[in-house]
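Q: One-letter residues, chain by chain:
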Amino acid sequence: MHWLLEPGLFTNDSVRTAFLLGAMVSLVSAVVGVFTVLRAQSFAGHALTDVAMAGGAGASLAGVAPLLGFLGGGVLGAGAMDAIGVLRVKGRDIATGVVLGAATGLAALFLFLVASSSAATGSTQLILFGSVFTVEASTLPYVAGLSALVLTALVFIRRPLLLSSLSSELAAVRGVRLRWVGGAFMIMLAVSVGLSSIVIGSILSTALLIGPPASALKMSSHVTKAVSIAVGLGIAATWLGIVFAYDSYYWLPAHRGLPVSFFVVFVVVIEFSFANLAYRFHARRVAPTTSARVNVEPVGGR
Amino acid sequence: MIPLRTPSAGHEIPRTSRFCRNAVVATSLVLVGVTLSSCGSPVAISSGVIRAVGAENQYANVLAQIGGRYVSVRAIVSNPNTDPHTFEVSTRVAQLISTAQLVVQNGVGYDAFMNQLESASPSSSRDVIEVQTLEGLSNNTENPHLWYKPSTMPRVARAIAVDLTKLQPGHARYFATRLSAFSKSVNSLTVAVATFKKKYEGVRVATTEPVADYLLQALGLVNVTPFRFQADVMNGIDPSPEDIAFQQGLLTHRKVRVFLYNEQVSSPVTVSLQSLAKSSGVPIVAVYETMPTPGYDYQSWMLAEIAALTRALSTSRSTVRI
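In the order they appear, the protein sequences are chains A and B.
Those letters in the first sequence? Residues 1 to 302, per this note's numbering, in order.
Those letters in the second sequence? Residues 1 to 322, per this note's numbering, in order.
Treat each hint with caution, since some may be false.
As the list claims (entries may be wrong) - Between beta-carbon pairs, the in silico distance windows are:
(1) B/315 to A/62: 33 to 39 Å
(2) B/275 to A/262: 28 to 34 Å
(3) A/262 to B/315: 44 to 50 Å
(4) A/5 to B/188: 23 to 29 Å
(5) A/144 to B/280: 37 to 43 Å
To be verified - If you want a taste of the chain B side facing chain A, the calculated C-beta under 8 Å gives, among others:
(6) 83
(7) 85
(8) 144
(9) 241
(10) 242
As the list claims (entries may be wrong) - Sample of chain B residues with no beta-carbon within 10 Å of chain A, all distances over it, derived:
(11) 91
(12) 94
(13) 172
(14) 184
(15) 188
(16) 197
(17) 228
(18) 239
(19) 301
(20) 306
(21) 311
(22) 319
By construction, these hints were calculated from the structure, which means they are not laboratory data.
Beta carbons are placed, not taken as given, at the ideal position from N, Cα and C, and that holds for glycine.
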């Protein structure tokens, strides 16, 4: 086992914090991610990562915790996108794109100001690609609280959310308030993106949001099953990523540790490739399949 | 801001290339008769102040100490609250360099922007002293903070005196006197280093960043922080968790007697190590990339660092700000 688990892996404080953070963040990302994929809002999710990036850069400039910036940025961005009309399918990409561009511009400004007016070093790496090994253990309770909040809220609105994700017309007929449900989901998406930004960085947090759920939905069309598979795949990706990054210190004679985010995204891509292969193989054997079957639970009428 | 001198109205400046125009502006200030035969333009006479630029304020300080009233010195990097490794150039800096007659810069990639700005406004009448070249160091030199090596500045000062004399041969005596005054005051630094070394040679210390490594070496202290960690902090990449744990162990088990903290290059890792040093009872000594201002010249800055180290070792007192 020595080849996989190098000495000190379980006694290292940075690694322990990273494991705990990784587990919570992958859990939230996977659950929120399944709905994001079902709602075809991957692009909105990516735009939110850019807004989170601007928030993180702003936090770095103001000297406050990056998590605060990632969250603040994401939630503001979600509000802006909602206000511009991200819920209508027509013009949704445009609203998303406009917010994305503006946010990236702001991030550029903030990062320039950080570099030219503060003693901070490594902010670009921290904000764009994440620095999970440098996160303080004192951040854990906040991440746990926010994760619990998002998951509870999601359990609360799961039925109207699912129905509106599959057919907004049907949901409207059934009395679902689309605007509310959509807005609430955008905020959950923003929080989820903010959380994963501290693990693999704002730019890459889409990978954790979309990758495992996309793989899971290839493997099962049952929503509950897909969510649990996505959670498993997400946690596997972050944990393996952390282990590989820790081990990479021993791979090269110069003891040059490689970044966690690279390994996490690498595992996510491998998982997706396998899920895709399995899906194709299965599809060929089971003859002509119908389009993805999704079990819809009845929505409480109102 | 230095007023830009333009040749007096009586002179006809031919509209030649930008190179020629810049060269004219620059040479018009040189008293010695440097003629630019290739441009064929007249050379204006101006007052006797040499325009000098120090890429970092410690070099600017030595320039001023040698040049005295015959130089007007500007420093490019001098903000004590910023990280010089991530310095961003402005047009003001470009203008300063295009009109400078003498430039002192560090080299080893620390102030690579200087080379770019110099080649952007070429001038045959600009003297550039690069400390890396002066010290005969290769581009692969790992630690660029050359000014912390006690032997560096006396050599830089001599080179400055030579170049100033070349620019204003009439004031050769003046520059020579100031050079010897500088050398004399640097002697007290040499003495302080030797006294410290005699008493504390072999004492183990930890650092966040290689800024003061050359001084620590001269003082006989043993810096047990892996250079890999220091370089990661300097270059703004995350140190590996293995190296972070090693650093934490040095502090919690008090395997080092001083923790040197680079005030100008901070990251979440350095901040958490700083508070760990505090809670573990390892005294902290602040070190800086550029000369802390106001109140210091190069020699008194270095003496203050040595005094802070002495205080940390003799009374376990931290110096969070020198």
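Q: Does each hint hold? Answer for all of them.
A: How the hints compare with the structure:
Evaluation of the 33 to 39 Å hint for residue 315 of chain B and residue 62 of chain A yields a pass: the beta carbon distance comes to about 37 Å. About 30 Å separates the C-beta atoms of residue 275 of chain B and residue 262 of chain A, a value consistent with the hinted range of 28 to 34 Å. A hinted range of 44 to 50 Å for the beta carbons of residue 262 of chain A and residue 315 of chain B is consistent with their spacing of about 47 Å. Remark: the range hint 23 to 29 Å for residue 5 of chain A to residue 188 of chain B is contradicted by a beta-carbon distance near 56 Å.
For residue 144 of chain A and residue 280 of chain B, the hinted distance range of 37 to 43 Å is not satisfied, since their beta carbons lie about 28 Å from each other. Given the 8 Å rule on beta carbons, the hint for residue 83 of chain B holds: about 5 Å separates it from the nearest Cβ of chain A. Among the interface hints, the one on residue 85 of chain B holds; its C-beta lies about 7 Å from the nearest C-beta in chain A, closer than the 8 Å criterion. Among the interface hints, the one on residue 144 of chain B is violated; its C-beta lies about 15 Å from the nearest C-beta in chain A, farther than the 8 Å criterion.
The beta carbon of residue 241 of chain B is positioned within 8 Å of a beta carbon in chain A (closest approach about 4 Å), and the interface hint is therefore held. Checking residue 242 of chain B against chain A by beta carbon gives a least distance of about 5 Å; that is within 8 Å, so the hint holds. Here residue 91 of chain B stays apart from chain A, with its beta-carbon at least about 14 Å from theirs, past the 10 Å limit. For residue 94 of chain B, the shortest C-beta to C-beta distance to chain A comes to about 15 Å, beyond the 10 Å cut-off, and the non-interface label holds.
The Cβ of residue 172 of chain B sits about 40 Å from the closest Cβ of chain A, beyond the 10 Å cut-off, so the non-interface label holds. Every beta carbon of chain A lies more than 10 Å from that of residue 184 of chain B, the smallest distance being close to 34 Å; the non-interface claim holds. Residue 188 of chain B, annotated as away from the interface, keeps every beta carbon of chain A farther than 10 Å; the closest lies near 30 Å. Separation of residue 197 of chain B from chain A is adequate, the least Cβ-Cβ distance of about 30 Å exceeding the 10 Å criterion.
Look at residue 228 of chain B: its CB is around 6 Å from the nearest CB on chain A, not clear of 10 Å, so calling it non-interface is violated. For residue 239 of chain B, the condition that its CB be more than 10 Å from all CB atoms of chain A is violated, with the nearest at approximately 8 Å. Chain A leaves residue 301 of chain B outside its interface by the beta-carbon criterion, the shortest separation being 17 Å against a cut-off of 10 Å. Every Cβ of chain A is farther than 10 Å from the Cβ of residue 306 of chain B; the closest lies at roughly 23 Å, confirming the non-interface assignment.
Non-interface call for residue 311 of chain B relative to chain A: holds, since the shortest CB-CB distance, roughly 23 Å, exceeds 10 Å. The beta carbon of residue 319 of chain B is kept farther than 10 Å from every beta carbon of chain A, the shortest such distance being approximately 17 Å.
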